[in-house]
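Participant: Protein chains in written order, with this note's numbering: chain A, 1 to 246; chain B, 247 to 563.
Just so you know, the hints here were simulated from the structure itself, not pulled from any lab data.
Given the structure is predicted, the values throughout are model-derived calculations rather than measurements.
There may be inaccurate statements among the hints.
[Unchecked claim] Straight-line Cα separation of at most 27 Å, DSSO-like style, residue types lysine-lysine; simulated pairs: (1) B/Lys380 / A/Lys244; (2) A/Lys159 / B/Lys259; (3) B/Lys520 / B/Lys259; (4) B/Lys520 / A/Lys234; (5) B/Lys557 / A/Lys244; (6) A/Lys144 / A/Lys105; (7) B/Lys273 / B/Lys373; (8) A/Lys159 / B/Lys380; (9) B/Lys535 / A/Lys244; (10) B/Lys427 / A/Lys159; (11) A/Lys225 / B/Lys535; (12) B/Lys427 / A/Lys144; (13) A/Lys244 / B/Lys558; (14) A/Lys107 / A/Lys196; (15) B/Lys373 / B/Lys535; (16) A/Lys196 / A/Lys2; (17) A/Lys244 / B/Lys259; (18) B/Lys520 / A/Lys225; (19) B/Lys431 / A/Lys144; (20) B/Lys273 / B/Lys302; (21) B/Lys520 / A/Lys159; (22) B/Lys551 / A/Lys244; (23) A/Lys2 / A/Lys105; (24) B/Lys551 / B/Lys527; (25) B/Lys558 / A/Lys225; (26) A/Lys244 / B/Lys520; (27) A/Lys2 / A/Lys144; (28) A/Lys159 / B/Lys373; (29) A/Lys51 / A/Lys196; (30) B/Lys527 / A/Lys244; (31) B/Lys373 / B/Lys262; (32) B/Lys535 / B/Lys551; (33) A/Lys225 / B/Lys380.
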Amino acid sequence: MKILVLISQVPDTTARIAFTNDNTAYDAGGVQFIVNPYDEWYALVRGLELKEAQGGTLTTVTVGGADTEATIRKALAIGADEAVRIDAQPNDSYEVAVQVAAYAKDKGFDLILAGKETIDHNGSQVGPMVAELLDLPFISLASKLDIAGTTATAERDVKGELEIVEAALPLVVSCAKGMAEQRIPNMRGIMAARTKPLQVVPAVPVDRLSATVRFELPPPKQAVKMIPADEAGKLIELLHTEAKVI
Amino acid sequence: MSVIVFADTRGEKVAKAALETLTYGRKVAAGSGSTVTLVTFGDVPADRLAALGADKVVVARAASDADSQQLTRLVADVAQQENAQVIVFAHDATGKAVAPRVAARLKAGHVAGAITLPDTSSGFRVKRNVFSGKAQAWVDVTSPVKVISVLPNSIPVEAGSGSATVADYTGDLGAARVTVKGTRKEGEGIPLPEAEIVVSAGRGMKGPENWGLVEELARELHAATACSRPVADMHWRPHHEHVGQTGVAIRPNCYIAIGISGAIQHLAGVNGSKVIAVINKDPEAPFFKAADYGIVGDAFEVLPKLIEAAKKLNAER
Chain A
1 MKILVLISQV PDTTARIAFT NDNTAYDAGG VQFIVNPYDE WYALVRGLEL KEAQGGTLTT
61 VTVGGADTEA TIRKALAIGA DEAVRIDAQP NDSYEVAVQV AAYAKDKGFD LILAGKETID
121 HNGSQVGPMV AELLDLPFIS LASKLDIAGT TATAERDVKG ELEIVEAALP LVVSCAKGMA
181 EQRIPNMRGI MAARTKPLQV VPAVPVDRLS ATVRFELPPP KQAVKMIPAD EAGKLIELLH
241 TEAKVI
Chain B
247 MSVIVFADTR GEKVAKAALE TLTYGRKVAA GSGSTVTLVT FGDVPADRLA ALGADKVVVA
307 RAASDADSQQ LTRLVADVAQ QENAQVIVFA HDATGKAVAP RVAARLKAGH VAGAITLPDT
367 SSGFRVKRNV FSGKAQAWVD VTSPVKVISV LPNSIPVEAG SGSATVADYT GDLGAARVTV
427 KGTRKEGEGI PLPEAEIVVS AGRGMKGPEN WGLVEELARE LHAATACSRP VADMHWRPHH
487 EHVGQTGVAI RPNCYIAIGI SGAIQHLAGV NGSKVIAVIN KDPEAPFFKA ADYGIVGDAF
547 EVLPKLIEAA KKLNAER
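Model the full structure from these sequences, guided by the hints.
Facilitator: Written as structure tokens, this is what we have:
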């Protein structure tokens with residue numbers, strides 16, 4: 001089985017969120033970048049489990065500049081066989097998806113896995129856009145994925161229900177919590193990652209459809225109103241009469 | 247010229263996310279002198295669809311919501327027939343699968359998780375949530391067709407009315423390539439992403455056997471239950487209840503957090519809530535800084551008082 005996992009680089013989950021250049025760009029100063037948790041913990045690890053059980057290869061693909069290579073090596077250290085970096089600075093998810101689809105188009109991948117969203121842009125867009133551009137079926141928000149022969153079975157948490165769906169390969173799946181457990185790379189993996197192939201491919205031309213022009217931070221919260229513990233019931237009263245939310 | 251609204255109108259009553267999407271679509275149309283065409287699917291009575299406030303309704307009776315390709319063909323086809331400029335979705339499970347596909351198919355710029363109506367004073371600019379609600383971004387869409395996915399609980403529902411023409415979709419959607427084999431109900435109660443009130447608890451509850459108090463408070467408040475990441479990771483509660491940066495992001499009117507310290511990753515999933523109440527025995531818990539109301543106290547002493555007060559409130563109204 002040939003598996004492709006989409007890997008995005010994001011600021012660490014504890015990173016301070018601040019903007020620069022008149023609030024037009026994320027301030028990356030002093031920020032540690034990581035593999036997007038949904039891409040790493042769920043898509044990559046489940047991809048590795050399937051590869052280990054059934055044989056095949058696992059390739060990662062990332063759209064970005066040379067500054068993403070440390071993050072890409074982390075995915076290799078966790079166990080990917082090879083990595084591809086498409087050398088582009090995308091303005092939106094469509095531009096990412098066009099690059100990924102152009103690369104994947106004639107490579108014969110059986111399974112394309114993506115995290116359900118990135119923790120910085122939260123768009124949930126790249127997976128389904130890649131599926132559309134490659135005319136493939138798409139299973140979104142999968143919390144479990146199994147492959148038997150050329151049939152994929154997945155579970156999805158939707159609307160308070162667990163839905164069990166089936167589709168034939170080739171297929172794109174977006175991965176959510178529950179699909180796999182995080183793997184910590186060991187020393188052997190980290191050493192091996194240094195010599196695994198990381199191919200840089202040039203970007204294809206793409207039309208610009210949208211772009212982020214300005215960031216804002218939400219307004220600061222009002223000071224918290226404290227209620228003594230022995231009068232805890234007063235909270236319900238205040239939520240009803242003052243905040244008017246219950 | 248028209249605005250297309252795609253909404254899932256099935257169920258006992260039309261879901262709030264669908265009504266929000268319709269409200270959003272009507273406002274966009276009113277601002278640009280357009281009509282609203284509701285595109286929907288499934289076995290929904292025509293009289294219900296006619297009264298939702300759209301000018302026109304197209305319903306694909308046989309489409310499956312598990313197959314994003316069928317729904318994509320449906321929406322893209324109607325959008326092209328209607329010469330649509332704007333296509334509105336909910337940023338929910340179905341919308342997240344279909345809207346990006348429609349955008350890629352039509353080469354339309356896509357704003358995912360929109361929290362404002364478009365500002366068309368110079369171009370077409372929409373604000374969306376980014377960094378899991380820790381910031382917001384203005385996005386310019388420059389393509390002729392625009393796709394907008396509206397973040398749930400971002401705009402108040404305005405009830406629609408009217409008697410739109412309802413037409414069955416007669417085009418070819420192709421065979422479904424993703425099929426539903428079954429569903430399993432996950433617990434009782436209100437689905438978390440749609441809940442107006444959420445009662446959430448963390449490690450401060452000491453063990454899964456103590457969740458009865460949390461569930462009882464939720465029942466009295468007509469709230470959904472949620473939990474923090476450690477609680478889901480220890481399997482005290484199911485994964486779908488985990489709210490936070492790597493779980494579900496929610497923005498209810500009222501979020502009550504019990505025994506959750508409020509790590510930055512948890513706050514990222516709930517900071518869109520209108521009002522946050524925090525109960526924690528540690529006065530230094532970071533969550534108090536993000537809260538509107540706080541109680542420093544032991545969950546097992548505070549919860550019974552809250553339940554009692556909620557019962558009293560219910561008896562009075």
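Participant: Hint by hint, say whether it matches the structure.
Facilitator: Each hint tested on the structure:
At most 27 Å may separate the alpha-carbon atoms for a hinted pair to count; B/Lys380 and A/Lys244 meet this at roughly 25 Å. Using a Cα cut-off of 27 Å, the hinted pair A/Lys159 and B/Lys259 holds, with the two alpha carbons roughly 14 Å apart. For the suggested pair B/Lys520 and B/Lys259, the alpha carbons sit about 25 Å apart, so the restraint of at most 27 Å is met. With a C-alpha separation of about 19 Å, the suggested pairing of B/Lys520 with A/Lys234 holds against the 27 Å cut-off.
With a C-alpha separation of about 17 Å, the suggested pair B/Lys557 and A/Lys244 falls inside the 27 Å cut-off, and the hint holds. Straight-line distance between C-alpha atoms of A/Lys144 and A/Lys105 comes to about 26 Å, which keeps the hinted pair within the 27 Å bound. Our distance criterion of 27 Å between C-alpha atoms is met by B/Lys273 and B/Lys373, whose separation comes to about 16 Å. Only pairs whose Cα atoms come within 27 Å are accepted, and A/Lys159 paired with B/Lys380 is accepted, the gap being roughly 25 Å.
For the suggested pair B/Lys535 and A/Lys244, the alpha carbons sit about 21 Å apart, so the restraint of at most 27 Å is met. With a C-alpha separation of about 16 Å, the suggested pairing of B/Lys427 with A/Lys159 holds against the 27 Å cut-off. Between A/Lys225 and B/Lys535 the alpha-carbon distance is near 10 Å, which keeps this suggested pair within the 27 Å criterion. Annotation: proposed proximity of B/Lys427 to A/Lys144 holds, straight-line Cα distance about 14 Å (limit 27 Å).
For the hint linking A/Lys244 to B/Lys558, the alpha-carbon distance of about 16 Å falls within 27 Å, and the restraint holds. For the proposed pair A/Lys107 and A/Lys196, the alpha carbon gap of about 19 Å is at most 27 Å, so the pair holds. With a C-alpha separation of about 26 Å, the suggested pairing of B/Lys373 with B/Lys535 holds against the 27 Å cut-off. Taking the CA atoms of A/Lys196 and A/Lys2, the gap is about 17 Å. The hint holds against a cut of 27 Å.
As the CA atoms of A/Lys244 and B/Lys259 are separated by approximately 25 Å, the hinted pair is consistent with the 27 Å bound. Proximity of B/Lys520 to A/Lys225 is assessed by CA-CA distance (about 15 Å); at most 27 Å being required, the pair is judged to hold. Under the criterion of a C-alpha separation no larger than 27 Å, the hint pairing B/Lys431 with A/Lys144 is consistent with the structure, at around 16 Å. Under the criterion of a C-alpha separation no larger than 27 Å, the hint pairing B/Lys273 with B/Lys302 is consistent with the structure, at around 16 Å.
At most 27 Å may separate the alpha-carbon atoms for a hinted pair to count; B/Lys520 and A/Lys159 meet this at roughly 22 Å. Pair hint B/Lys551 plus A/Lys244 holds up; C-alpha atoms about 19 Å apart against a cutoff of 27 Å. Restraint check for A/Lys2 and A/Lys105: satisfied, since their Cα atoms lie roughly 13 Å apart, inside the 27 Å limit. For a cut-off of 27 Å, the pair hint linking B/Lys551 to B/Lys527 stands: about 15 Å separates their Cα positions.
For the suggested pair B/Lys558 and A/Lys225, the alpha carbons sit about 22 Å apart, so the restraint of at most 27 Å is met. Of the pairs offered as hints, the one joining A/Lys244 and B/Lys520 holds, with about 11 Å between alpha carbons and a cut-off of 27 Å not exceeded. Annotation: proposed proximity of A/Lys2 to A/Lys144 holds, straight-line Cα distance about 19 Å (limit 27 Å). Between A/Lys159 and B/Lys373, the direct Cα distance comes to roughly 26 Å. Compliance with the 27 Å bound is thereby established for this hinted pair.
A hinted pair counts as satisfied when its Cα atoms are at most 27 Å apart, and A/Lys51 with A/Lys196 qualifies at roughly 17 Å. Between B/Lys527 and A/Lys244, the direct Cα distance comes to roughly 26 Å. Compliance with the 27 Å bound is thereby established for this hinted pair. This hinted pair checks out: B/Lys373 and B/Lys262 have alpha carbons roughly 21 Å apart, not beyond 27 Å. Simply put, B/Lys535 and B/Lys551 have alpha-carbon atoms about 23 Å apart, close enough for the 27 Å limit, and the pair holds.
Of the supplied pair hints, the one linking A/Lys225 and B/Lys380 holds, its CA atoms being roughly 22 Å apart against a limit of 27 Å.
Consistency note: the structure conflicts with none of the earlier hints.
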